[in-house]
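Residue strings, one per chain:
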Amino acid sequence: MSTDQLSLRAPRHRVSRKSITLWTLTAAIGWAVVLVPQAVALVFSRSPWQVAVASATLVAAVAHTAVMPRWRYRVHRWEATPEAVYTLAGWLNQEWRIAPVSRIQTVDTKRGPLQQLLGLSTVTVTTASAAGPVHIEGLDHADAVRLADELTSTTQATPGDAT
Amino acid sequence: MNPEQGGGPAPTGGALPPAEFPAAPAFVEPVVDWHRLDVRMLVVRPLNEIIGLVPVFVGLVVLGRGEGWRIVAGAGVIGAIVLFGLLRWMTTRYRITDDQVEITTGLLVRKRLAVPRDRIRTVDLTAKLGHRLFGLSAIRVGTGQRDQPGEDGLTLDAVSSAEAERLRLLLLTRVVRDAPGAVDDAEEPGEGVALSSWDARWLRFAPLTLSGLVAVGALFGLTANFARELEVEVLGPLTEAAHWVMDQPVGLTAGLLAGAVLVIAGFGSVVVYVVQFWGYQLTREPDDTVRVRRGLLTTRSVSVAEQRLRGVEVAEPLLLRAGRGAHAKTVTTGLGRKGESSLLLPPAPVAEAHRVTAEVLRQTPPPTRAALRRHPVAALRRRMVRAVVPLLVLAAALAFFAPAWTWQVALALVPFSALLGWDRYRSLGHALTDRYLVARQGSAVRGTFALQRTGIIGWRVSRSFFQRRAGLVTISATTAAGDGAYHVVDVGEAEGLALAEEAVPDLLRPFLER
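For the protein sequence lines, the chains are A and B, in the order given. Quick note: the first sequence uses this note's numbering, first residue 1, plus one each step. Quick note: the second sequence uses this note's numbering, first residue 164, plus one each step.
It is worth saying that the hints were derived from the structure and are not from the lab. Certain hints may be false.
[Stated by the list, open to error] Partial list, computed: chain A residues near chain B (C-beta under 7 Å):
no., residue
1, GLN5
2, LEU6
3, GLN94
4, ILE98
5, ALA131
Cβ coordinates follow ideal geometry from the N, Cα and C atoms, glycine included.
Taking the hints into account, I'd like the entire structure generated from these sequences.
Here's what the structure looks like:
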């Protein structure tokens, strides 16, 4: 088997730039849940241990919130061809997912409160496998709806029960 | 057309209107009768449930020294169970038409389930002890859908064993019949071809499973509990014995204790093995299904349509592997996630596992025996780091915060952990046969899967930060069957992608670059 330097190319499309804001907000909220109780505790007592833990958390929080969204934005990509849906996601750990259109069972769009605020949507493509859903996060809502429609109509044209 | 059982009164299937004219023969929807569950279930279900509740009753009534409320509560529970069984029997009906299986059930919440017959993948007949005394079986029909935990799915609990056998044949024989109404019995089926069956010599693998230890734990808990409830003075003599043991030298004490646990665990595991797998029989039925039958008290028969079989997984837990044993399960759509029902072979010689794989998949040599390609040395480095570094970190932390002996113990464990890491690396491998994707991983439980290449319905390629630095990826084939995804762990990036590309031609190609 001559394999040369085979590698996966990046999918064609980036996600919406507004995703950076979304990920920043999500991270900030997540860290706030950890930081606020510590801050409150610091008001009442200040042992050196507490201060150390709190400042370590703060540094981690700032670093994560600053770095993760931009890094993610550079990684996250998607592509839908007539044959397959292809995505790349993650930042430190990255994952490519490929689902053939002929095996698609459902196509959903979903938007949480923050996503609605920013006009974003997640498209989820499920196959018959319990482990195989493909998520495309952070699409502009209009793009997401168009993509979902497209996928749904191509899927319907394919016979069989997709197992 | 009626089976001999369960011919309930007035079928609800819709009576034909009285014909005033010679009716047009156009619509000849055969009226298929609705059947009830077997009437003997009125006795069996309460019996089964009450047997399960015996400890509770003993606790409630016998130990209550005649306290009034305890007896009332006990009687109430029994009454409720009987009533529930009666309601269930009265409200549950099923029928099998040309196209689908229908079940209606429920009193307050009427539920109607209809499953197209061509979606049926597996049929599972289970007869608990109570069922068997009365010649009954419960049927569970598996479809391709992911079974929700806690959902009953398509279950008939229960019908007579003869009816169950008839239904099994009927449901799995999906011969397209043109004649309408031909739902009656298929031609008398021949006997299946035996692929493997119970062998008393396999009992030697029983102690190598951990089921014995679990049994010991459960037994101990139960006994202790009862002793407390009964306030029996088992504790007195036991404490004396314990004191006597404690007075002996430490080595002897530990030895005795370990010996006792081992003997009991060994005995327990043999009992568990016999109870679960007695009468094990693997056959290929004439209707192209693979059928596993087993069980001493509760008998179980699981039939899998061969067409739906996507592969086989051979598992070798560490102890079992040391004794050259293995067990096997099917990779198939339609079985729930309750691991048991996908069992293909109980713990048995590893050669038997491979032979059964070959027979079931009709592939010789068995794909699970294919020569596997080793993974890159970087994978070994990763295994070792993962085996050793956490222990070193733990030892360092313990050196700061805990008594000295703890970090020494942690350090002493390092060589063993490293050995495990080495073994984990040696397990890693993958291969492609002309019909199957094969890969192996794991040390504590070494698993080798053979997954039909046509059953792969997508890929996931994941790469962690460290894998990226090592030039490795984990490739997962997603499938509708079994666990949903099967992993080729820590394979070289280019090699892994080539493997995936070759396994399912054209799916990955548009996204690859050299």
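Verification of the supplied hints:
About 6 Å separates the beta-carbon of GLN5 of chain A from the nearest beta-carbon of chain B, less than 7 Å, and the hint is met. The criterion of a C-beta within 7 Å of any C-beta in chain B is met by LEU6 of chain A, whose closest approach is roughly 4 Å, and the hint holds. Hint status for GLN94 of chain A relative to chain B: holds, with the closest Cβ pair at about 5 Å, below 7 Å. With 7 Å as the threshold, the beta carbon of ILE98 of chain A comes within range of chain B, its nearest partner Cβ sitting at about 5 Å, so the hint holds.
Because the smallest distance between the Cβ of ALA131 of chain A and any Cβ of chain B comes to about 4 Å, under 7 Å, the interface hint for this residue holds.
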